[in-house]
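All you need for the numbering used here is the position in the sequence shown, starting with 1, plus 83.
The hints are simulated quantities; they were obtained by calculation from the structure and are not laboratory data. Please note: incorrect hints may appear among the correct ones.
[As the list claims (entries may be wrong)] Derived Cβ-Cβ restraints for the label pairs, each shown as a range:
#1 A123 / C103: 30 to 36 Å
#2 T124 / C103: 32 to 38 Å
#3 E96 / S119: 18 to 24 Å
#4 G86 / C106: 15 to 21 Å
#5 Q102 / A122: 29 to 35 Å
The C-beta atom is built at its ideal place from N, Cα and C for all residues, glycine as well.
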Amino acid sequence: MNGCDSLRDLRRELGVGSQCAKCARHARQVLRDTRSAVAATSVSVSSDQSVAVQYWPQPA
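Could you build all of it, start to finish, from the sequences and the hints given here?
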């Protein structure tokens, strides 16, 4: 997996929001917050590059 940078990517990779969609608003906010945090801490990210959020499944 190359990372997720949209709710569509999360839905495709993880099934987020594919049932009742109650979690979609929260998932979208997590993506925004993570992109902002990565952009704020990374000097090498320019404005024309997109930042993909990496997800690693946790063992059950």
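Now the hints, each set against the structure:
1. Range check, A123 to C103: about 33 Å between beta-carbon atoms, so the 30 to 36 Å window is met.
2. About 34 Å separates the C-beta atoms of T124 and C103, a value consistent with the hinted range of 32 to 38 Å.
3. The hinted window of 18 to 24 Å between E96 and S119 holds, with their beta carbons roughly 21 Å apart.
4. For G86 and C106, the hinted distance range of 15 to 21 Å is satisfied, since their beta carbons lie about 19 Å from each other.
5. Here the CB-CB span from Q102 to A122 is close to 31 Å, well matched to the stated 29 to 35 Å.
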